[in-house]
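Trainee: Residue-level listing of the chains:
4 protein chains.
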Amino acid sequence: MRNDNHHSDHHDNQAAASKAAMMRALLLSPSLGFLMEAHNGLSARIVEDVGFSGIWASGFSISTALGVRDSNEVSAGEVLDTVAYMADATHIPIMVDGDTGYGNFNNARRFVRQLCRLGVAAVCIEDKLFPKTNSFLGECQPLADTDEFCGKITACKDSQTDDDFCVVARVEALVSGYSLGEALDRAEAYRRAGADAVFIHSKRKDGKEVLAFAKEWGRRCPLVITPTTYHRAVGVDSFERAGISTLIWANQNMRASMHAMREVCEEVFRNRRVSDVEQALVPVKEVFDFLDYDELDDASRRYLPAEPTRAPRRNAS
Amino acid sequence: MRNDNHHSDHHDNQAAASKAAMMRALLLSPSLGFLMEAHNGLSARIVEDVGFSGIWASGFSISTALGVRDSNEVSAGEVLDTVAYMADATHIPIMVDGDTGYGNFNNARRFVRQLCRLGVAAVCIEDKLFPKTNSFLGECQPLADTDEFCGKITACKDSQTDDDFCVVARVEALVSGYSLGEALDRAEAYRRAGADAVFIHSKRKDGKEVLAFAKEWGRRCPLVITPTTYHRAVGVDSFERAGISTLIWANQNMRASMHAMREVCEEVFRNRRVSDVEQALVPVKEVFDFLDYDELDDASRRYLPAEPTRAPRRNAS
Amino acid sequence: MRNDNHHSDHHDNQAAASKAAMMRALLLSPSLGFLMEAHNGLSARIVEDVGFSGIWASGFSISTALGVRDSNEVSAGEVLDTVAYMADATHIPIMVDGDTGYGNFNNARRFVRQLCRLGVAAVCIEDKLFPKTNSFLGECQPLADTDEFCGKITACKDSQTDDDFCVVARVEALVSGYSLGEALDRAEAYRRAGADAVFIHSKRKDGKEVLAFAKEWGRRCPLVITPTTYHRAVGVDSFERAGISTLIWANQNMRASMHAMREVCEEVFRNRRVSDVEQALVPVKEVFDFLDYDELDDASRRYLPAEPTRAPRRNAS
Amino acid sequence: MRNDNHHSDHHDNQAAASKAAMMRALLLSPSLGFLMEAHNGLSARIVEDVGFSGIWASGFSISTALGVRDSNEVSAGEVLDTVAYMADATHIPIMVDGDTGYGNFNNARRFVRQLCRLGVAAVCIEDKLFPKTNSFLGECQPLADTDEFCGKITACKDSQTDDDFCVVARVEALVSGYSLGEALDRAEAYRRAGADAVFIHSKRKDGKEVLAFAKEWGRRCPLVITPTTYHRAVGVDSFERAGISTLIWANQNMRASMHAMREVCEEVFRNRRVSDVEQALVPVKEVFDFLDYDELDDASRRYLPAEPTRAPRRNAS
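Protein chains in written order, with our numbering: chain A, 1 to 317; chain B, 1 to 317; chain C, 1 to 317; chain D, 1 to 317.
These are computed hints drawn from the structure, not numbers from a lab.
None of the values given here were measured: they were computed from a predicted structure.
Please note: incorrect hints may appear among the correct ones.
Same chains, same names: a pair is fine if it fits in one copy or spans any two.
Below 25 Å or equal to it, Euclidean Cα-Cα: the simulated DMTMM-like pairs (lysine to aspartate or glutamate) are [claimed, not checked]:
1) Lys-157 with Asp-292
2) Lys-205 with Asp-164
3) Lys-208 with Asp-297
4) Lys-285 with Glu-295
5) Lys-215 with Asp-294
6) Lys-208 with Glu-188
7) Lys-132 with Asp-162
8) Lys-285 with Glu-240
9) Lys-157 with Glu-266
10) Lys-208 with Asp-294
11) Lys-208 with Asp-289
12) Lys-215 with Asp-276
13) Lys-205 with Asp-289
14) Lys-285 with Glu-188
15) Lys-285 with Asp-298
16) Lys-128 with Glu-182
17) Lys-285 with Asp-145
18) Lys-203 with Asp-294
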């Protein structure tokens, strides 16, 4: 466990500033980078601890963890509350899934300013309509007008308060059944409007349209993908060769926790004991280690006056 | 999956009122009842779906999921935000771990009024000092003055706005190294002050002091336990025979999700693919089913005007 | 000052339930009723204390007090946080300005469920587009499609968890430059969709179109108005005779506090003393009386153990 | 009105960073500086607009505006929500009234980290016990142990993420009936523990003990006062000559708004019209100007595509 850091410097402004720079470097790097999904402070910290270079704060996962649907049922303020815990708990950069920006350009740029304040490194906004529908649901979801979405991107860029903050434009054209040409036209328009990277989304199982897009795109700016449906069809090496910059594992932590909790709940409910499931649980002590309770002990010794010895009446037995 | 309920009646005030009555019945029932830990809307809903009768909103688990320590690092308002999602997502009663009540009697009674508003069924408050330390850490943690804690219990009871709301008094005497007699004296004082149930806590591995307590107590009011350390030593039948009312599985969902997320993150990080871990993930479709996206589809048909057919330019390939 | 109530019963669920019934009675009463604007807990309590029967939780005033614009810059969750303080601080019913419902029917019905939980009595939603623009700004703001807005009203009605909760449909047709006929058609459609009352808005200075509307409407359901621009032209007796049910003074508390704070700030800044402005301030003691600090003293005596007498070393001088 | 700034640069991180430097300069300046109380985004912006160099985010005023008592009834998270709006709305530095730090050193340092994130310039913590009681209530309130409070100050200083952030130690010894010597001893201990300034509080009406303290103190570090009770007895020039660094007008905006709202409510309730009170209200247009709605118009032209002209059916009359 790479828990060498002091809890107290988790909140370093310098670090916050450089989180965006780290994300920018990740996007611009010639090698394929990975972002792993997280949806609360704990999962974010696990992602960092395991070694990933960056975090994807998934809207789907955050809303699922809260118990609501990925249809903008929670408002921007509630998402920001969750993101704040994630940013506080980690040193690596976070890209926040900003859906459609929670309204028009004005809502989107306010969201960006609040993300910058939290030390978030990047936002991804998608060219659909508010309130959004999860991309894996239904067909032919309506897209935002291209000009309107370009204005939103520019507004976000003009409003960021950290120069390295990145705005990623997510193109939903392929998911909504539009042509590769439409997707490329939109991507190019978004790039010209100021997007630092383009997220080309697809829900086909063969991954071909993403590779075709990448070929046509030709590294005009960093490309981001999430192969939720096509990860079996195309290996990461192919993505790297195709010039993809960054791959997002978009929801695996949430889906793993849901699976594990259901299994444990069913077993405990059925057997009325927890001994059968213990191998599926981290020990309590590991929680204490992971969240650095020792630091609090050390700090207590440093900041609290020594207490007089107390001798409680001990139970004799 | 018992997903017969409509999302929209999750918020029924009638149900909210009866949640407290359900918890009261659970506590008063002669047979042993179980509460399963949850820490966000999703885990709460899983607990309900699996069949448990009630939920333990664990302070340890909630803070861990947020990425902070179980030392009152998050304030009462932030805990209530989490609890609101849990109550919204479920029909079964929730007992909230209220730690020490977040300050004095006035903070505790304000917390109770806010829980009642959320349709929460019960609060458990413990006789330690604010800010609290997790009971499994250190030895001989100082206890609250008995009279002061009795006043806090009475203030909570006087402030509840649902007659069936339950205040559970958690006795930390045994955990802090005091005698069985001290624990019994405190429990009796708390009962007289108005507590609806007594939570007798212990971190010994043999469970003996809990059984001894139960024997002396003699069902004066419902007894609640959480056998985190002694679940191997004593079976649930013994607890039932000893007159224990309710057993809390206090943190297993959080520990299961932490274990699962770490495993999945490590595997995905190492192998740069998710195919190896798919059996440990719920399918995306199961998330949609579980959070009742169909209801939103139905509602959209009911509440939205029919849209003109749209024929996007389809990708030929 | 009518401060006979105990702070602790501010949160009575019974009262919460009956707040909606009180609002319903106010709307249905044959005599003209009044709602006074409030924007935080303090102003809400003043409105109640002075004798008003109900509160208008103005979106314009709430956003202004927060320091942001009335353009849905704050999200639904943040508005609900403010409304919670207002509901906690008062016994009289609150009608919340719900703007356009913060999105589509699904956002609106979620908002209604959360209002019901807070004990709010009514919501007013308007037939414009999200994000909204304040009605006094610009001309010819686009309106919502009538069918879409009717669906939103029905969704709200179907989701309320208090039978007496009222959904008020605000017709913006006149403000947006449409004809009286269009306004009447929309109002009738909204009434049939389930609206408990119609709020007919106008920004003309002569009040004539509101009176014309009321005449044509003929008390089909309660009519609500806010004469911000035309209060000089038409007296309240005329509104009463015209069959208006409820008049909202929509923003006066916010505008009064802004005026007073600016005056005091300028005077204190200029003169570097506060003695000149004291007559414009309530005494500190009045704050203590108004928020019932005595209740906390009483409660401290009731719930806290008597403390040993303490004799601090007094300053001799 | 000094509204020359663009709304969008209100959130400039550079500005945020320099807010703490501005506060530090204010405290260290040889001339007497002033902080004016604010309690929400609107009042903060008025304070800035009128010309003050800094803002006092009063706990008494914030809680009163929320409708609750100044007894730590609202938790740290809720205070931070309010402070965030204030910081967003202004460019001048804010000193936040941190009461006792909302618990022990660990709560206090977490509060400091969150304030730094918001771009707040300073925190003031006082040497009383959590939950606190307003200093103008009762006599002989118990004080924190000096060593414990020194540890809290050091913990705050060690946790700030902006080098210029200031921690102000508020000495309540005089208010609680202790001697001048005790107050001086505590102030010196707090200074040595790292406090950037000392706030010497007094509720006597003659101001003598503050002047006596200042004389003995001899500018060891900046002194802060709030002459709520003794502002008539001693003029600001005397404070300046006595070496006081900064004077806080601690609650006048809240008290002015409360006075104005009560007057307006009573008049409107009695007369059933608002025309009598209009001179006590800012015009609606002034609100639009003050919160820079023009910027939103400009931005809409810049970021939104031009809309096709719309010709609504106009009312003929």
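Trainee: State for each hint whether it applies.
Mentor: These are the hints, each one checked on the structure:
no.: 1; hint: Lys-157 with Asp-292; in the structure: between (37 Å within a copy, 21 Å between copies)
no.: 2; hint: Lys-205 with Asp-164; in the structure: neither (34 Å within a copy, 51 Å between copies)
no.: 3; hint: Lys-208 with Asp-297; in the structure: neither (54 Å within a copy, 30 Å between copies)
no.: 4; hint: Lys-285 with Glu-295; in the structure: within (14 Å within a copy, 42 Å between copies)
no.: 5; hint: Lys-215 with Asp-294; in the structure: neither (51 Å within a copy, 38 Å between copies)
no.: 6; hint: Lys-208 with Glu-188; in the structure: within (20 Å within a copy, 53 Å between copies)
no.: 7; hint: Lys-132 with Asp-162; in the structure: neither (27 Å within a copy, 29 Å between copies)
no.: 8; hint: Lys-285 with Glu-240; in the structure: neither (40 Å within a copy, 29 Å between copies)
no.: 9; hint: Lys-157 with Glu-266; in the structure: neither (48 Å within a copy, 35 Å between copies)
no.: 10; hint: Lys-208 with Asp-294; in the structure: neither (50 Å within a copy, 30 Å between copies)
no.: 11; hint: Lys-208 with Asp-289; in the structure: neither (45 Å within a copy, 29 Å between copies)
no.: 12; hint: Lys-215 with Asp-276; in the structure: neither (51 Å within a copy, 28 Å between copies)
no.: 13; hint: Lys-205 with Asp-289; in the structure: between (41 Å within a copy, 21 Å between copies)
no.: 14; hint: Lys-285 with Glu-188; in the structure: neither (51 Å within a copy, 33 Å between copies)
no.: 15; hint: Lys-285 with Asp-298; in the structure: within (17 Å within a copy, 44 Å between copies)
no.: 16; hint: Lys-128 with Glu-182; in the structure: within (14 Å within a copy, 31 Å between copies)
no.: 17; hint: Lys-285 with Asp-145; in the structure: neither (53 Å within a copy, 29 Å between copies)
no.: 18; hint: Lys-203 with Asp-294; in the structure: between (45 Å within a copy, 20 Å between copies)
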